[in-house]
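Participant: Please model the entire structure based on the sequences and the hints provided.
Those sequence lines, one after another, are chains A and B.
Be aware that the first sequence starts at 17, since it is given in my numbering, and climbs by one per residue.
Be aware that the second sequence starts at 17, since it is given in my numbering, and climbs by one per residue.
Honestly, the hints are just simulated from the structure, not real lab data.
Some clues are possibly wrong.
[As the list claims (entries may be wrong)] Covered stretches of chain B, going by a simulated chain A footprint (3 or more residues, C-beta under 8 Å):
1) 105-116
2) 136-144
3) 153-163
Note that beta-carbon positions come from the ideal geometry of N, C-alpha and C, so glycine has one too.
These are the residues of each chain, in order.
2 protein chains.
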Amino acid sequence: MSNTAQAQLGAVLAAGGPELGELLERTEERLARVAEGHGERLAHHAGGTLAAGGKRLRPMLLFLCASELDERLVAAGVAVELLHMATLVHDDVLDAAELRRGRATVFAEGGRGAAAATGDLLFSRAFAELAATESEEAVRALSAASSALARGELMQRADAWDGEVTPERYLERCRLKTASLFEASCRLGALFGGRPELADRLGSFGERLGVAFQMLDDVLDVSGPPERTGKPRGADLLDGTVTLPLILARERDPSLAVPVRCAEEAAAVCDRIAATGALEDARERALGYVGEAKRALDGVALSDQRARALQLVADGVVERYA
Amino acid sequence: MSNTAQAQLGAVLAAGGPELGELLERTEERLARVAEGHGERLAHHAGGTLAAGGKRLRPMLLFLCASELDERLVAAGVAVELLHMATLVHDDVLDAAELRRGRATVFAEGGRGAAAATGDLLFSRAFAELAATESEEAVRALSAASSALARGELMQRADAWDGEVTPERYLERCRLKTASLFEASCRLGALFGGRPELADRLGSFGERLGVAFQMLDDVLDVSGPPERTGKPRGADLLDGTVTLPLILARERDPSLAVPVRCAEEAAAVCDRIAATGALEDARERALGYVGEAKRALDGVALSDQRARALQLVADGVVERYA
Numbered sequence: 017m018s019n020t021a022q023a024q025l026g027a028v029l030a031a032g033g034p035e036l037g038e039l040l041e042r043t044e045e046r047l048a049r050v051a052e053g054h055g056e057r058l059a060h061h062a063g064g065t066l067a068a069g070g071k072r073l074r075p076m077l078l079f080l081c082a083s084e085l086d087e088r089l090v091a092a093g094v095a096v097e098l099l100h101m102a103t104l105v106h107d108d109v110l111d112a113a114e115l116r117r118g119r120a121t122v123f124a125e126g127g128r129g130a131a132a133a134t135g136d137l138l139f140s141r142a143f144a145e146l147a148a149t150e151s152e153e154a155v156r157a158l159s160a161a162s163s164a165l166a167r168g169e170l171m172q173r174a175d176a177w178d179g180e181v182t183p184e185r186y187l188e189r190c191r192l193k194t195a196s197l198f199e200a201s202c203r204l205g206a207l208f209g210g211r212p213e214l215a216d217r218l219g220s221f222g223e224r225l226g227v228a229f230q231m232l233d234d235v236l237d238v239s240g241p242p243e244r245t246g247k248p249r250g251a252d253l254l255d256g257t258v259t260l261p262l263i264l265a266r267e268r269d270p271s272l273a274v275p276v277r278c279a280e281e282a283a284a285v286c287d288r289i290a291a292t293g294a295l296e297d298a299r300e301r302a303l304g305y306v307g308e309a310k311r312a313l314d315g316v317a318l319s320d321q322r323a324r325a326l327q328l329v330a331d332g333v334v335e336r337y338a
Numbered sequence: 017m018s019n020t021a022q023a024q025l026g027a028v029l030a031a032g033g034p035e036l037g038e039l040l041e042r043t044e045e046r047l048a049r050v051a052e053g054h055g056e057r058l059a060h061h062a063g064g065t066l067a068a069g070g071k072r073l074r075p076m077l078l079f080l081c082a083s084e085l086d087e088r089l090v091a092a093g094v095a096v097e098l099l100h101m102a103t104l105v106h107d108d109v110l111d112a113a114e115l116r117r118g119r120a121t122v123f124a125e126g127g128r129g130a131a132a133a134t135g136d137l138l139f140s141r142a143f144a145e146l147a148a149t150e151s152e153e154a155v156r157a158l159s160a161a162s163s164a165l166a167r168g169e170l171m172q173r174a175d176a177w178d179g180e181v182t183p184e185r186y187l188e189r190c191r192l193k194t195a196s197l198f199e200a201s202c203r204l205g206a207l208f209g210g211r212p213e214l215a216d217r218l219g220s221f222g223e224r225l226g227v228a229f230q231m232l233d234d235v236l237d238v239s240g241p242p243e244r245t246g247k248p249r250g251a252d253l254l255d256g257t258v259t260l261p262l263i264l265a266r267e268r269d270p271s272l273a274v275p276v277r278c279a280e281e282a283a284a285v286c287d288r289i290a291a292t293g294a295l296e297d298a299r300e301r302a303l304g305y306v307g308e309a310k311r312a313l314d315g316v317a318l319s320d321q322r323a324r325a326l327q328l329v330a331d332g333v334v335e336r337y338a
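Facilitator: Set out below in structure tokens:
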């Protein structure tokens, strides 16, 4: 984690109050235990995946959208993180990815079968954790997000190498493959945190933020630098994923509509995309979504402290990509 | 479906009473609806998978283990079938399988990404359907089965091409990858069918039957004929899956410990396995499990009609492979 990100996280934790830290700690413990009890091999793969960390952004959003402490918040936080992990593990199978966050992926370590099984396990554990809350509404929310993730994944594969992808279609994909789980996280926080009447408003905050998150992630794939992202520039170009920077750049330089075949070519195309000014434009649009997300919080009956913490998370999403 | 299988199914339906037919019909309708509402592409892939049919053996077991009609039985029946389908779709990705039940697989039609997403969707819908019952115990049972399926899948891949797999290890794999969902189906039937106190006994029936089912399926892979199984003989040999017929045959003919590289070689090895008498031996052991399953029903407080129908299903599993 960079120093800025660390400082940002510290600020969120401070604003979220002592109970936020405690909820996150209990989530961590629970995630560690989830991987156990399903056989040695799965424990190894699933444990490695969960320990690899990540920012636990989704559980954090969930907790920050809660006004009151409730035992079920931890179960819900664990569930959204498990679902997120499951999709990452399955994505690595599809992309034949060797590294994630600087560690060997389950796919690289155990092969396609191990990764598929580990993802399936994480999937089913996500729903099992949430079922412990005995809330049908909650399971429905997670299931809706899970369906959306699957649709988004499918849409991305269907649109691969397609020169005709519009910005609108790209945005719909961001909503499905990323924003849906951000939205569900915020909804679940409202639901179990004593503010079910705020579920729509907070869900909308999460959804906008999720779209921005994905857009900025796609900018970063082009801008790099690799030492910051942990992957070579233009990974999306190489697997045919058409993202906003490329879509906008093509409008300005139609000769960019070429398939990219190797890492050197990808880096060169990244430079050409950057030269069109498409990165600034895409970043600007993402910031627009962050602004919308923040405005969704206006007048929402959360404590000042919580509202402040949510704003900080929104800023953190931008910061990460600054 | 063969004439014998059709007659068998007719006998089960007759013994199960009119409500069994109705429950199965409602399950069919619900499965058809599940695929809708998640985007056109997913509806196409998931709908095709669900319409491809199969025997609905797991929902049937579930309903037969119920003593009283309960709305939640259909939700549970749909859930176990969806989970089963999800694993089939994911298996097809791993095996790069083009055909299943004589139809093009999702993998063949839509590629790896479409199949992975479709499987994930079916997974999440399974838990969503079951969550509608608001029973934590039920979700726990399905989740346990789902974890076991993942472990079994992993074990199978880990043991691929391994000459040292023991019969005990093979049986453990059958329990995980097949029997666990049979067991969960019977448990759920007892739970929602007004007989929670019979969940262990009926679960044990399902578990034994599931082991037998997998063993006989593995015999069939070697014995064929292909026109009956819909796949060439020795598919397991080709993908390195070490099953009981090969394990037993190797004990008698150690020269069988060779990797198989093409369909012609596979057919020849199948003949050599058959020549050792290993198929009869494996079938005998499977029948032992069917016998154990039936004995688990002795004295169980089910109506004579239901007990008779469960016996018929057990016989049907054997019949299918006679």
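Participant: All hints are to be evaluated individually against the structure, with a verdict given for each.
Facilitator: Verification of the supplied hints:
{"no.": "1", "hint": "105-116", "verdict": "holds (count 3)"}
{"no.": "2", "hint": "136-144", "verdict": "holds (count 7)"}
{"no.": "3", "hint": "153-163", "verdict": "holds (count 6)"}
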